[in-house]
Amino acid sequence: MSIHNKTIAQLSQGLKAGDFSSVELTQHYLDRINTSDLNAFITVTDELAMKQAQAADDKIAKGAGNILTGIPYAHKDIFCTNGVKTSAGSKMLDNFISPYDATVSHKLNQADLVMLGKANMDEFAMGSSNENSYFGDVKNPWNENKIPGGSSGGSAAAVAGRLAPFATGTDTGGSIRQPASLCGITGLKPTYGRVSRYGMIAYASSLDQAGPMTQTAHDAALVLNVMAGFDEKDSTSTERDVEDYTASLNDSIKGLTIGLPKEFFSEGLDDEVASQVMAAVKEFESMGATVKEVSLPNSAYAIPTYYIVAPCECSSNLSRLDGVRYGYRCDDPKDLEDLYLRSRSEGFGEEVKRRIMIGAYALSAGYYDAYYLKAQKTRHLISEDFKKAFKDVDVIMGPVSPTTAFDLGSVKDPVSMYLADIYTLSANLAGLPGMSIPAGFSQNLPVGLQLIGNYWSESKLLNIAHQFQQQTDWHTQTPEEKG
Amino acid sequence: MEWETVIGLEIHAQLNTKSKIFSAAATQYGAQANSQACAVDLGLPGVLPVLNKEVVSKAIKFGLAVDAHINQRNVFDRKNYFYPDLPKGYQISQLDWPIVGEGEIEITLGDKTKVIGVTRAHLEEDAGKSIHDLYDDFTAVDLNRAGTPLLEIVSEPDMRSAKEAVAYAKKIHALVQYLEICDGNMQEGSFRCDANVSIRPMGQEKLGTRAELKNINSFKFLERAINLEVERQQDILEEGGEVVQETRLYDAVKHETRSMRSKEEANDYRYFPDPDLLPVEISDELMAQIKQELPELPQEKKARFIKEFGLSEYDADVLTSQKPMADYFEKMIVNNADHAKLCANWIMGELSASLNKHQLELVDAPITADDLSLLVSRIGDDTISGKIAKDVFKAMWDGEGSADEIIEAKGLKQMTDTSAIEAIVDEIIANNAPQVEQFKSGNEKILGFFVGQAMKVSQGKANPKLLNELLRKKLS
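Chains as they are written, first to last, in the numbering used here: chain G, 1 to 483; chain Z, 1 to 476.
Don't read these hints as lab results, they were simulated from the structure. Note that the structure is a prediction, hence the values are computed from the model and not measured. For each residue, glycine too, the CB sits at the ideal point set by N, CA and C. A hint or two may mislead.
Quick list of the computed label-pair ranges, beta carbon to beta carbon [as the list claims (entries may be wrong)]: (1) 381(G) x 287(Z): 56 to 66 Å; (2) 241(Z) x 334(G): 56 to 66 Å; (3) 109(G) x 31(Z): 40 to 50 Å; (4) 366(G) x 138(Z): 48 to 58 Å.
Examples of chain G residues toward chain Z, derived with CB under 7 Å [as the list claims (entries may be wrong)]: (5) 198; (6) 200; (7) 260; (8) 320.
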């Protein structure tokens with residue numbers, strides 16, 4: 001088995017056993033990144049990575065360190081990294097070298113992880129295909145004419161393309177789960193408030209949540225152990241102890257009740273995707289789970305609700321990018337208004353501008369009640385649907401994305417693009433944890449199965465996913481290597 | 001036509017916390033530009049606000065002091081607008097759920113009192129400062145002030161004259177200092193007043209169109225700016241024009257107000273609840289604790305001064321109108337409990353006059369409460385007369401030493417030796433036969449002449465009481 005196909009757990013053993021050093025491992029990944037044409041990275045931090053790898057090796061040599069010491073990873077370029085360009089996929093921040101570390105970045109550093117570079121992404125996490133990056137499209141490792149999904153497209157492609165053992169991602173409306181599904185990897189969006197948002201460039205504050213993107217559920221548990229935790233710098237993070245997410249991976253799932261929302265299997269869902277998802281559900285049944293139909297009647301409103309709430313928040317969150325203190329500034333502004341107007345017109349991409357406009361409009365005097373307030377009420381109803389469903393079932397399952405990865409450049413209408421997140425948005429609106437795990441293929445492209453759990457049920461989700469991965473090998477499949 | 005003035009005030013009181021409302025940066029005034037602005041204050045990508053809990057306690061204190069309803073669940077909102085000294089492109093403030101709801105406060109004008117409604121008070125962060133005259137082609141931005149906690153206190157339009165507005169503003173000013181939640185420094189901008197002014201024909205119920213006056217940094221300017229605005233509006237209306245709803249800037253140097261922006265140009269602030277901050281939940285325990293820790297407020301202190309020290313209503317009111325003055329009085333009284341009235345007179349008389357003359361605040365007075373207390377003691381124990389004491393006070397003000405040192409050095413100690421005064425009296429009677437005759441024929445007023453003469457001879461040091469007694473005895 002090639003070293004880059006190993007999971008974190010396997011690499012960790014290899015490092016401890018002295019089969020290879022972190023420096024060798026890191027160099028191996030850097031070589032793969034530098035010859036890859038997936039465009040998964042915006043910045044490759046070769047020097048820093050080698051320094052961190054050396055430090056990790058020193059620690060391992062002394063018998064110190066933890067299970068993740070010396071493991072390389074790709075960091076989504078939305079997390080601020082001290083001294084390293086943090087662009088959020090935007091021209092606006094092409095020149096921004098962050099002077100501080102995000103809490104997640106800090107935690108990963110503390111765990112002796114090795115950052116290979118900053119992963120490509122849709123600009124400010126707005127997009128479902130990674131075609132909205134100022135730094136170019138990311139290609140799907142399974143078929144380079146296809147999109148990898150978004151917004152964490154670079155992260156997903158890096159893990160699927162074996163350019164990194166794992167990557168960080170963020171999920172506002174599906175941005176971890178959808179690219180994980182389309183690239184055939186494991187992605188977890190934790191409960192809102194589980195992972196600190198401090199230093200994670202905000203798209204929609206009430207929805208954004210960071211999580212791991214890995215080959216396996218076991219690896220996701222290992223990484224979540226490091227990422228999760230209360231942060232006094234983030235008022236929306238929750239003061240709740242971090243469990244050891246690996247502790248219950250091996251628990252039996254016999255007697256598990258799976259809820260299938262009928263709304264997730266209706267019009268618009270690709271037949272082959274549907275049949276792969278149902279096959280996975282069958283697999284669970286064979287493992288002793290029972291299946292129940294549930295209803296999430298208000299999930300029909302998830303798209304309109306999301307596309308009010310998220311743009312409203314982003315229209316305000318992105319106001320700080322004004323060309324005054326940092327980031328892109330237009331040439332020769334003739335006055336203040338010109339500075340604002342041109343810096344922002346030239347610095348932001350089309351989709352970002354579209355959402356800022358939608359948000360500013362929806363928050364305007366006279367429209368606020370009809371849009372923002374209404375969306376908040378609907379959001380509450382969507383959460384209530386889940387609460388009701390979780391009285392009867394332990395986990396909700398369904399597709400992640402209505403289709404497999406589509407062709408680069410093929411979806412031009414923004415509203416059609418928004419439909420790509422139809423099954424993932426609800427978990428964000430309700431603040432629930434969700435996962436995508438590999439569950440098959442359709443025409444050589446990966447299909448993901450979505451798991452949505454109750455609040456704070458990350459351990460349970462990881463347990464369910466791990467048990468599935470003990471019985472199936474979808475997650476071990478790798479795209480064909482070129483040359 | 002007779003017009004009625006209607007005024008409401010918006011007061012921004014800077015809460016005196018060590019660190020900012022949503023970051024750990026210091027709030028010290030006058031530091032080097034941008035040296036007190038951290039990543040959060042700079043609005044860097046990814047940073048998040050964390051509420052400084054101290055500001056909540058301070059706002060509650062204010063609310064309790066004006067008998068207001070405290071919203072134990074209150075919400076921070078974002079007020080969105082672009083300006084270079086507003087780093088995030090929005091100000092965190094409170095719109096629909098302010099921490100302090102409706103309350104009221106009583107003001108005194110002459111012998112009349114009036115209750116002014118407090119509509120609400122909410123917490124918000126201050127913006128930075130734009131400096132337009134530092135460079136020719138650029139505006140400089142200092143973000144030290146960005147994120148400084150403010151309590152915005154909004155009144156009902158209950159005031160009917162500039163004088164009432166000033167009385168209200170002074171009352172709030174005193175209150176925040178009593179509560180020790182704001183240093184009240186108007187020059188440094190820790191206490192700022194914006195005035196909403198409109199006029200209407202006397203007897204009309206409907207309010208006239210208002211103008212909001214900004215940039216007022218003293219009570220004197222508040223009065224002037226309002227009166228100026230009232231005149232301006234009267235001129236417009238009497239000439240058949242219409243007042244435009246707008247924000248006007250007061251220029252103290254030119255003594256004029258000029259339009260800053262009209263209602264049409266006003267921003268749509270696109271307020272919405274800040275998703276980075278959870279609603280503030282205030283526990284009953286915290287409410288009870290703050291209530292218990294509330295210091296003595298002006299009204300209570302006033303009542304105590306009357307009861308404990310026998311001061312008049314008026315004296316007690318003046319002394320308690322400003323916390324530094326009340327503190328000064330209480331310090332003086334420690335060793336002068338028997339001479340409370342005298343202490344009050346000296347603070348309200350000589351001391352206040354001298355402060356006014358030299359345009360000084362009480363806290364900057366060259367004579368401390370202990371110093372003045374000693375001087376009053378010397379009047380009380382008959383060492384010097386009140387008249388001599390005024391000279392001693394002047395010398396103290398000029399830094400010539402303590403009361404005792406000055407009395408000693410200048411030999412001002414009062415003559416209380418009966419025989420010495422008797423000798424002076426005898427001599428004056430002997431030298432002024434015609435005046436003695438006048439007194440004897442019933443002209444009581446002439447006694448003053450003898451007192452004057454005796455004081456002249458004794459250089460003012462004769463004990464007035466003794467002198468009077470001896471004069472009457474010898475003359476009759």
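> Which numbered conditions among the earlier hints are violated in the structure presented, ordered from lowest to highest?
Replying inline: Hints 1, 2, 3, 4 and 7 contradicted; others consistent.
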